[in-house]
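There are 2 protein chains.
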Amino acid sequence: MSEIAFQNNYPDELSHCYGCGRLNPDGLQLKSYWDGDETVARFRPRASHMAIPGYVYGGLLASLIDCHSTGSASAAAGRARPDEAPFRFVTASLHVDYLRPTPIDAELEIRGVIKELKEKKVVVSATVSAGGQVCAKGEVVAVRMPENMLR
Amino acid sequence: MSEIAFQNNYPDELSHCYGCGRLNPDGLQLKSYWDGDETVARFRPRASHMAIPGYVYGGLLASLIDCHSTGSASAAAGRARPDEAPFRFVTASLHVDYLRPTPIDAELEIRGVIKELKEKKVVVSATVSAGGQVCAKGEVVAVRMPENMLR
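Protein sequence lines, in the order shown, are assigned to chains A and B. Sequential numbering of the first sequence, starting at 0, is according to numbering that gives the first Met the number 0. Sequential numbering of the second sequence, starting at 0, is according to numbering that gives the first Met the number 0.
None of these hints come from the bench; they were simulated from the model. Among the hints, a few may not be true.
[Unchecked claim] So these bits of chain B aren't anywhere near chain A, every CB distance computed over 10 angstroms:
#, residue
1, E2
2, N7
3, E12
4, G18
5, R41
6, R45
7, M49
8, R80
9, S92
10, V95
11, D96
12, R110
13, K119
14, Q132
15, V133
[What the hints assert, rightly or not] Below, computed lysine to aspartate or glutamate pairings styled on EDC-like, alpha-carbon distance capped at 20 angstroms:
#, chain 1, residue 1, chain 2, residue 2
16, A, K136, B, E138
17, B, K136, A, D96
18, B, K119, A, D96
19, B, K119, B, E106
20, A, K114, B, D96
21, B, K120, A, D96
22, A, K119, B, E138
23, B, K114, A, E138
24, A, K30, A, E138
Note that CB positions come from ideal geometry on N, CA and C, so glycine has one too.
Please model the complete structure; the sequences and the hints are all you need to start from.
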């Protein structure tokens with residue numbers, strides 16, 4: 000695994016995301032890393048993140064897939080063009096299939112695979128597993144953040 | 000608009016969802032209602048729910064579409080068979096298209112349309128708007144919750 004989380008390479012002004020910003024004290028602070036050609040993040044749900052007792056709510060899984068995938072897109076773009084500044088990607092579309100109930104009392108592993116890599120668009124497929132069993136799978140179309148989004 | 004939120008018809012043991020459970024004090028407590036044949040919910044993001052300063056993070060929009068749609072599925076099933084007990088639906092799949100950045104300092108309106116209604120499967124399309132402009136649209140395939148999910 001790489002040593003520095005993708006999200007820790009974001010500049011301060013892009014590090015406030017509820018899902019993955021290191022400067023958002025209320026947020027999830029997801030951290031994603033390279034693991035060979037795949038990307039990986041681990042996350043332990045809070046007790047409040049339930050859908051029904053014992054299981055994680057779907058919105059959390061969507062958030063984890065979303066932020067892990069945009070982070071993976073940023074890292075893949077950076078690996079392809081290491082001499083340029085870090086790139087920030089945002090989500091154009093997100094799809095999640097919920098395959099089985101996801102236990103809330105387990106560490107979740109989110110894994111990403113880069114399916115398509117273009118200069119301004121990266122497609123990432125992702126899974127969320129608990130105890131080695133895939134509970135949800137998803138796909139994110141990430142696009143390079145327009146510079147005029149920063150106020 | 001109907002007077003009682005769909006989620007307030009869920010029995011206590013199914014009212015802990017982070018997105019819409021009335022018994023989850025840390026959660027979003029989304030409330031959805033009939034508005035004619037459409038369903039509607041309104042939600043004001045917290046300051047921490049940002050993606051980058053000024054805009055809502057994608058996972059929140061996914062959560063709102065998810066919980067509003069499963070609630071809408073439950074309500075539609077109940078409207079079709081009013082003499083039976085309330086039905087609880089869970090998400091089989093979720094798709095969200097992010098059409099434009101969603102401002103964080105606005106009340107969001109989530110609207111749902113029932114696209115398909117079967118006994119065990121309901122398909123709901125949804126939009127999230129701010130200031131009358133659609134910022135995200137999505138589709139949820141909701142399935143009747145298996146009884147063995149309740150521990």
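So, going through the hints one by one against the coordinates:
1. E2: holds (25 angstroms)
2. N7: At about 16 angstroms from chain A, N7 of chain B clears the 10 angstroms cut-off, so the statement holds.
3. E12: violated (7 angstroms)
4. G18: violated (5 angstroms)
5. R41: holds (17 angstroms)
6. R45: violated (8 angstroms)
7. M49: violated (5 angstroms)
8. R80: holds (22 angstroms)
9. S92: Not fine: 5 angstroms to the nearest Cβ puts S92 of chain B too close to chain A.
10. V95: Per Cβ check, V95 of chain B is inside 10 angstroms of chain A; nearest 5 angstroms; violated.
11. D96: violated (5 angstroms)
12. R110: holds (18 angstroms)
13. K119: Nearest chain A Cβ is 15 angstroms from K119 of chain B, so the label holds.
14. Q132: The assertion about Q132 of chain B holds, with a minimum of 16 angstroms to chain A.
15. V133: holds (14 angstroms)
16. A:K136 - B:E138: This hinted pair holds, its Cα atoms lying about 16 angstroms apart.
17. B:K136 - A:D96: This hinted pair holds, its Cα atoms lying about 17 angstroms apart.
18. B:K119 - A:D96: holds (17 angstroms)
19. B:K119 - B:E106: Cα-Cα ~33 angstroms, so violated.
20. A:K114 - B:D96: holds (19 angstroms)
21. B:K120 - A:D96: holds (15 angstroms)
22. A:K119 - B:E138: Answer violated: K119 of chain A to E138 of chain B is near 26 angstroms, above 20 angstroms.
23. B:K114 - A:E138: violated (23 angstroms)
24. A:K30 - A:E138: holds (18 angstroms)
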